[in-house]
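Between the sequences and the hints, there should be enough to build the whole structure, so can you do that?
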Amino acid sequence: MSQVGTEASPLRVAVVGAGPTGFYTTDYLLKQDRLIVEVDMFERLPTPFGLVRYGVAPDHQKIKSVTKVYDRIAQNPRFRFFGNVELGKQISLADLRNHYHQIIFTTGAQSDRRLGIPGEDLEGSVPATEFVAWYNGHPDYRDYQVDLSCEHVVVIGVGNVAMDVARILCRTPEELAVTDIADYALEALTASKVKHVTIVGRRGPAQAAFTTPEIKELGELADTEAIVLADEAELDPLSQSALASGSDRSTAKKVEIIQSYVERKPTEKSRTLTLRFLVSPIELIGDETGRVAAVRLAKNELYATDAGSLRSRQTDEVETVPAGLVFRSIGYRGIPLEGVPFYENWGVILNKEGRVIDPNSQTAVIGEYTAGWIKRGPSGIIGTNKPDALETVTHMLADAEAGATLNPSDACADTAAAFVAQRQPRFISYDDWLKLDEMELSRGEAQGRPRVKFTSVEEMLAAIGK
Amino acid sequence: MNVRQILAKKGINVITIRPDRQIREAVTLMSRHHIGALVVVNSDGNPVGIISERDIVRRAAEDEALFGLEVQDIMTSDLVIGVPQDDISSVAQTMTKKRFRHLPIVENGDLVGIISIGDILKAERDQYLGEIDTLETKIQAESSQPE
Ligand SMILES: Cc1cc2nc3c(=O)[nH]c(=O)nc-3n(C[C@H](O)[C@H](O)[C@H](O)COP(=O)(O)OP(=O)(O)OC[C@H]3O[C@@H](n4cnc5c(N)ncnc54)[C@H](O)[C@@H]3O)c2cc1C
Ligand SMILES: NC(=O)c1ccc[n+]([C@@H]2O[C@H](COP(=O)([O-])OP(=O)(O)OC[C@H]3O[C@@H](n4cnc5c(N)ncnc54)[C@H](OP(=O)(O)O)[C@@H]3O)[C@@H](O)[C@H]2O)c1
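Going down the list, the protein sequences come from chains A and S. Residue 1 is where the first sequence starts when you use my numbering, and the numbers rise one by one after that. Residue 1 is where the second sequence starts when you use my numbering, and the numbers rise one by one after that.
Since the hints were made in silico from the structure, they are not lab data. One thing to keep in mind: the hints can contain errors.
What the hints assert, rightly or not - When the alpha-carbon atoms are kept at most 27 angstroms apart in a straight line, the in silico BS3-like pairs for lysine-lysine are as follows:
1. A:K89 / A:K195
2. S:K98 / A:K31
3. A:K216 / A:K299
4. S:K97 / A:K299
5. A:K62 / S:K138
6. A:K68 / A:K466
7. A:K352 / A:K299
8. A:K216 / A:K265
9. A:K352 / S:K10
10. S:K10 / A:K216
11. A:K435 / S:K138
12. A:K31 / S:K122
13. A:K62 / A:K216
14. A:K193 / A:K265
15. A:K253 / A:K62
16. S:K10 / S:K98
17. A:K62 / A:K89
18. A:K352 / A:K31
19. A:K352 / S:K122
20. A:K435 / A:K62
21. A:K253 / S:K10
22. S:K122 / S:K138
23. A:K68 / S:K138
24. A:K253 / A:K265
25. A:K435 / A:K31
26. S:K10 / A:K299
Said to hold, decoys possible - Over the 12 angstroms line for every Cβ pair with chain A, so calculated as not near, a few chain S residues:
27. R18
28. V27
29. M30
30. N42
31. D44
32. E62
33. I74
34. G82
35. P84
36. V91
37. N108
38. I115
39. A123
Predicted model only: the values in this text are computed from it and were never measured. Virtual Cβ for every residue (Gly too), placed ideally from N, Cα, C.
Written out as structure tokens, the structure reads:
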């Protein structure tokens, strides 16, 4: 094969998934000067930005401004966006191999992990992934029903997503009204009867996965009191000695904030948000109609693994707490793409530093790569995907220079575009998106909100005349 | 952050060697795969030791006939084994305290990977880089849209 990556024969790359990782990947590919690269990005939704639009909480607007960086990346003339085009639906892996030298999967984690306890599938037991997508106006979840007519809610897991879910449940309508939360969610949350939210962590305060700003924020809610039980806030000897080494200041700070919630008593505030530690759900109990009514919790103790980390194990002590609604927030999970090697145990594409690996030969699959949550698992904040994308792009460039790319039958940008238009005549370009963006912003301005989202694909397509 | 996030991008093919193989073979394997340590497994595939570049170099200084020795003659058999759920920060502390640099990881009885202190440092560096970048974004947003 003749050298690709020149003006005459640019290295043509398909990026699948328009989340932060897709954009960081694009940026690294386009801003280096070793090879001439052209990027086509495919996104199953009409809108770009993945979890920045449909994950990040509506009351965390500031971080959403990161999309300005992505807008700038998208202005590069060698970049094209094809929204409303899904790999596995309108286009297949074989199609991409026909048109591109390299393909990178940045599809994120589209599903949730399961608890594996009895009662998990009772009505009223829902994955946080779905609730989050619902309040953020994700088109797949706009018709989703969340029954907020109960007083007691339990959130399982103490990661930042659990914090988001609990906070959104506890915000006042006034607090929510100034965000870009979906209109229907604002309405439902305004009518919410929820009074007591309990977040349950299986380990202790020093092992909580949430970060310091997030725990601090719980203490600053307008009409909700954050509470921690005194005996659960206290550190066990193992955690104490781990912290005593003094090397982990951020954990020490986090523990300090958690402990500051101990003294707080329920006040005149309308809601309580109780943060529990060292308890694991062992069963969800249903009422006579098959709806969740309570959660059985086992008290845990900590033990150290050989490698020194502290894990929980159940004791015989059990309690039951009421819950008309249970959110399972124990992590997202990647789903396989047809024809792409997948490591089921961990829910990631099988890869070595971003090069997709064939499970049989254990060697790299030529021309196929991955980055972001689908590469390393569902963890890390937006910026973490940047070094992760760089690692993969470094290999992509080296492989291209070594001539190890796919050998597409038709590597022409125009025919690729024509092919996509034929498969999905109603694809969305970046300019289309910018128009939608503009409309959402001005709808927001009219209501004193950062934006008012379109929440259905048809609505979006109609708005731009497609 | 836990060990699984590091392992997820290392493939699942762990290069191993049997205890009765010669050091010569261990050196060849390490050099071919660009790795600093091999997990030593018995006939059931269970880890029984670890042999690192360091072990070999240290021994080479005193023993010219090193290459003909067996792996089990110089491997470290006092082995710490991890699980994918182990927190990275705790593992780092343990490695520093107990002075070892490689940790084989076993999940449901299978050897699924090995992580080195270098992997941990890189993961922690990437996490900090990500946090700084995200923080910068927030700060820029604050200064451009005062409330
Ligand atoms: C609820 C929640 C809140 C968060 N809040 C914050 C926060 O406040 N601050 C922060 O820094 N980080 C936050 N994060 C983390 C951050 O969102 C992630 O690190 C980041 O979004 C991961 O990026 P990604 O590109 O790998 O995946 P994603 O953002 O999930 O993007 C993947 C994209 O691929 C698309 N896709 C999937 N399958 C296909 C297919 N077959 N064909 C075409 N396209 C496809 C998806 O539609 C999606 O747009 C949050 C995460 C969650 C879950
Ligand atoms: N504001 C922000 O910056 C923000 C907001 C949202 C998300 N994010 C990021 O997005 C990533 C994903 O967040 P996440 O909250 O989904 O995941 P996470 O941080 O991994 O937290 C998952 C939580 O679920 C618990 N858990 C797992 N399995 C469990 C089980 N079987 N029973 C009980 N508890 C269980 C974990 O406990 P153990 O620790 O004991 O396993 C942990 O507390 C994180 O990196 C997060 O920082 C950031």
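Comparing the hints with the structure gives:
{"no.": "1", "hint": "A:K89 / A:K195", "in the structure": "violated (43 angstroms)"}
{"no.": "2", "hint": "S:K98 / A:K31", "in the structure": "violated (44 angstroms)"}
{"no.": "3", "hint": "A:K216 / A:K299", "in the structure": "holds (26 angstroms)"}
{"no.": "4", "hint": "S:K97 / A:K299", "in the structure": "violated (31 angstroms)"}
{"no.": "5", "hint": "A:K62 / S:K138", "in the structure": "holds (6 angstroms)"}
{"no.": "6", "hint": "A:K68 / A:K466", "in the structure": "holds (25 angstroms)"}
{"no.": "7", "hint": "A:K352 / A:K299", "in the structure": "violated (39 angstroms)"}
{"no.": "8", "hint": "A:K216 / A:K265", "in the structure": "holds (17 angstroms)"}
{"no.": "9", "hint": "A:K352 / S:K10", "in the structure": "holds (5 angstroms)"}
{"no.": "10", "hint": "S:K10 / A:K216", "in the structure": "violated (36 angstroms)"}
{"no.": "11", "hint": "A:K435 / S:K138", "in the structure": "holds (25 angstroms)"}
{"no.": "12", "hint": "A:K31 / S:K122", "in the structure": "holds (24 angstroms)"}
{"no.": "13", "hint": "A:K62 / A:K216", "in the structure": "holds (17 angstroms)"}
{"no.": "14", "hint": "A:K193 / A:K265", "in the structure": "holds (21 angstroms)"}
{"no.": "15", "hint": "A:K253 / A:K62", "in the structure": "holds (23 angstroms)"}
{"no.": "16", "hint": "S:K10 / S:K98", "in the structure": "holds (24 angstroms)"}
{"no.": "17", "hint": "A:K62 / A:K89", "in the structure": "violated (34 angstroms)"}
{"no.": "18", "hint": "A:K352 / A:K31", "in the structure": "holds (24 angstroms)"}
{"no.": "19", "hint": "A:K352 / S:K122", "in the structure": "holds (15 angstroms)"}
{"no.": "20", "hint": "A:K435 / A:K62", "in the structure": "holds (22 angstroms)"}
{"no.": "21", "hint": "A:K253 / S:K10", "in the structure": "violated (33 angstroms)"}
{"no.": "22", "hint": "S:K122 / S:K138", "in the structure": "holds (24 angstroms)"}
{"no.": "23", "hint": "A:K68 / S:K138", "in the structure": "holds (12 angstroms)"}
{"no.": "24", "hint": "A:K253 / A:K265", "in the structure": "holds (22 angstroms)"}
{"no.": "25", "hint": "A:K435 / A:K31", "in the structure": "holds (26 angstroms)"}
{"no.": "26", "hint": "S:K10 / A:K299", "in the structure": "violated (36 angstroms)"}
{"no.": "27", "hint": "R18", "in the structure": "holds (19 angstroms)"}
{"no.": "28", "hint": "V27", "in the structure": "holds (21 angstroms)"}
{"no.": "29", "hint": "M30", "in the structure": "holds (17 angstroms)"}
{"no.": "30", "hint": "N42", "in the structure": "holds (18 angstroms)"}
{"no.": "31", "hint": "D44", "in the structure": "holds (19 angstroms)"}
{"no.": "32", "hint": "E62", "in the structure": "holds (31 angstroms)"}
{"no.": "33", "hint": "I74", "in the structure": "holds (22 angstroms)"}
{"no.": "34", "hint": "G82", "in the structure": "violated (4 angstroms)"}
{"no.": "35", "hint": "P84", "in the structure": "violated (8 angstroms)"}
{"no.": "36", "hint": "V91", "in the structure": "violated (5 angstroms)"}
{"no.": "37", "hint": "N108", "in the structure": "violated (8 angstroms)"}
{"no.": "38", "hint": "I115", "in the structure": "violated (10 angstroms)"}
{"no.": "39", "hint": "A123", "in the structure": "violated (9 angstroms)"}
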